[in-house]
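Trainee: Those protein sequence lines, which keep their order, are chains P and E. Each residue of the first sequence is one higher than the one before, starting from 1 at the first, in the numbering used here. Each residue of the second sequence is one higher than the one before, starting from 1 at the first, in the numbering used here.
Source of the hints: derived by calculation from the structure; they are not laboratory data. Do not rely on the hints blindly, as some may be mistaken.
What the hints assert, rightly or not - Pairwise CB distance ranges (calculated):
id, chain 1, residue 1, chain 2, residue 2, range
1, P, Glu160, E, Arg40, 23 to 33 Å
2, E, Asp128, P, Ile60, 53 to 63 Å
3, E, Val184, P, Arg26, 17 to 27 Å
Keep in mind the model is a prediction, meaning the values are calculated, not measured. All C-beta atoms, glycine included, are put in the ideal place defined by N, C-alpha and C.
2 protein chains.
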Amino acid sequence: MASGDTPPLALNRLSVYLRALRALQREGIERISSQRLASRFGLSAPQIRKDLAQYGEFGIRGIGYDVVSLRRRLEHVLGLDRRHAAVIVGAGNIGTALARFPGLNTGAFHIVAVFDIDPKRIGARIGDLTVRDPLELAEVVESTGADMGILAVPAEAAAENYFALVGAGVRAVLNFAPVRLEEVDGVRVKDVDLTIFLEELAHHLVSSS
Amino acid sequence: MASGDTPPLALNRLSVYLRALRALQREGIERISSQRLASRFGLSAPQIRKDLAQYGEFGIRGIGYDVVSLRRRLEHVLGLDRRHAAVIVGAGNIGTALARFPGLNTGAFHIVAVFDIDPKRIGARIGDLTVRDPLELAEVVESTGADMGILAVPAEAAAENYFALVGAGVRAVLNFAPVRLEEVDGVRVKDVDLTIFLEELAHHLVSSS
Numbered sequence: 001m002a003s004g005d006t007p008p009l010a011l012n013r014l015s016v017y018l019r020a021l022r023a024l025q026r027e028g029i030e031r032i033s034s035q036r037l038a039s040r041f042g043l044s045a046p047q048i049r050k051d052l053a054q055y056g057e058f059g060i061r062g063i064g065y066d067v068v069s070l071r072r073r074l075e076h077v078l079g080l081d082r083r084h085a086a087v088i089v090g091a092g093n094i095g096t097a098l099a100r101f102p103g104l105n106t107g108a109f110h111i112v113a114v115f116d117i118d119p120k121r122i123g124a125r126i127g128d129l130t131v132r133d134p135l136e137l138a139e140v141v142e143s144t145g146a147d148m149g150i151l152a153v154p155a156e157a158a159a160e161n162y163f164a165l166v167g168a169g170v171r172a173v174l175n176f177a178p179v180r181l182e183e184v185d186g187v188r189v190k191d192v193d194l195t196i197f198l199e200e201l202a203h204h205l206v207s208s209s
Numbered sequence: 001m002a003s004g005d006t007p008p009l010a011l012n013r014l015s016v017y018l019r020a021l022r023a024l025q026r027e028g029i030e031r032i033s034s035q036r037l038a039s040r041f042g043l044s045a046p047q048i049r050k051d052l053a054q055y056g057e058f059g060i061r062g063i064g065y066d067v068v069s070l071r072r073r074l075e076h077v078l079g080l081d082r083r084h085a086a087v088i089v090g091a092g093n094i095g096t097a098l099a100r101f102p103g104l105n106t107g108a109f110h111i112v113a114v115f116d117i118d119p120k121r122i123g124a125r126i127g128d129l130t131v132r133d134p135l136e137l138a139e140v141v142e143s144t145g146a147d148m149g150i151l152a153v154p155a156e157a158a159a160e161n162y163f164a165l166v167g168a169g170v171r172a173v174l175n176f177a178p179v180r181l182e183e184v185d186g187v188r189v190k191d192v193d194l195t196i197f198l199e200e201l202a203h204h205l206v207s208s209s
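With the rest of the complex left out, here is chain P (with noise of 0.2 Å):
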């Protein structure tokens, strides 16, 4: 399989091990067994060895994994080894609350830039970063090298502003808008689902009671 082609669920279950790796490389263990792995953090030990394998990750027998170089192995297959500048589109309250979310601006991702439409919001702050007119997209994605847009705009509003990044130049875009896009010129969508968390919770309301 081309690492193009790995699917989002299994990219996300990459982001879990992760995640995993960073904790165990703060409580300083060096190596671990995909079975410790699993246990410890509620996933399973094959998919692991199935996943990691796919990259040429092999733990060793009796040994496990390597905890520093596996982790750096993920970051660099996620992309995460390289500066990712991400531009928000629409300053309400989810691009702002994004604008100021510290995850959004450690390590591999960093906010650089708040558009709006609405006279009002323009020239606002949030944080570091003033709200800009929409109208400077384009300068603003080129000066900064943004290759990422998230877009925090009305469901009526989205279509016509992942355009508007597309233009820019911007490569991936993160949707909040309640809205299904449609990728067009390779420039890869993300649909953020927020029900699917409230799924996973009335699941466990339901098997538990």
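The hints should help you fit chain E onto chain P, whose structure is shown.
Mentor: Chain E alone, transformed into the frame defined by chain P:
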């Protein structure tokens, strides 16, 4: 495997299948094979068969699955054939966005109250809701029958508000605060990690370049 033991990633796959089945039903498609389901929605056919077989759902060879009955079955497994009332703690940007989010106020889920400790926010309107004092939390959870809580507070306030939700009788908590909470008293916590979505996109950026 007892259904209560279904790991989160497997549950998330059920949510993905459910969305696919709903789309097929809207198109009037009555039956679909695991192969067609997989190719149309970018999924894995063997994985679909394995996941569904765990719940006693086996497609008929050459005919496939019945779309409506499989949708109903997955809704039942996910606990979506009953209503879940949820309260939000924290009326900042994330809490306000979630209270207004259509997906959290349709189908199985319904936001019944929003709380904030800030006196300047108490009494403010968010859509049909009024921001309330957290002192009313237990009373509101009891009177509304809320079984879910959503934490949209800063990291340093997450643990105490989780305990408040537990004490009020909520049985599952979705945590947007960027901190990992330890579960107590069997009250399930789902930590939402938005960077996982960005990591999926980052992988696309490196694998397609």
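Trainee: Does each hint fit the structure? Answer for all of them.
Mentor: Hint check results:
no., hint, in the structure
1, P:Glu160 to E:Arg40: 23 to 33 Å, "27 Å, holds"
2, E:Asp128 to P:Ile60: 53 to 63 Å, "59 Å, holds"
3, E:Val184 to P:Arg26: 17 to 27 Å, "23 Å, holds"
Of the numbered hints stated above, none is contradicted by the structure.
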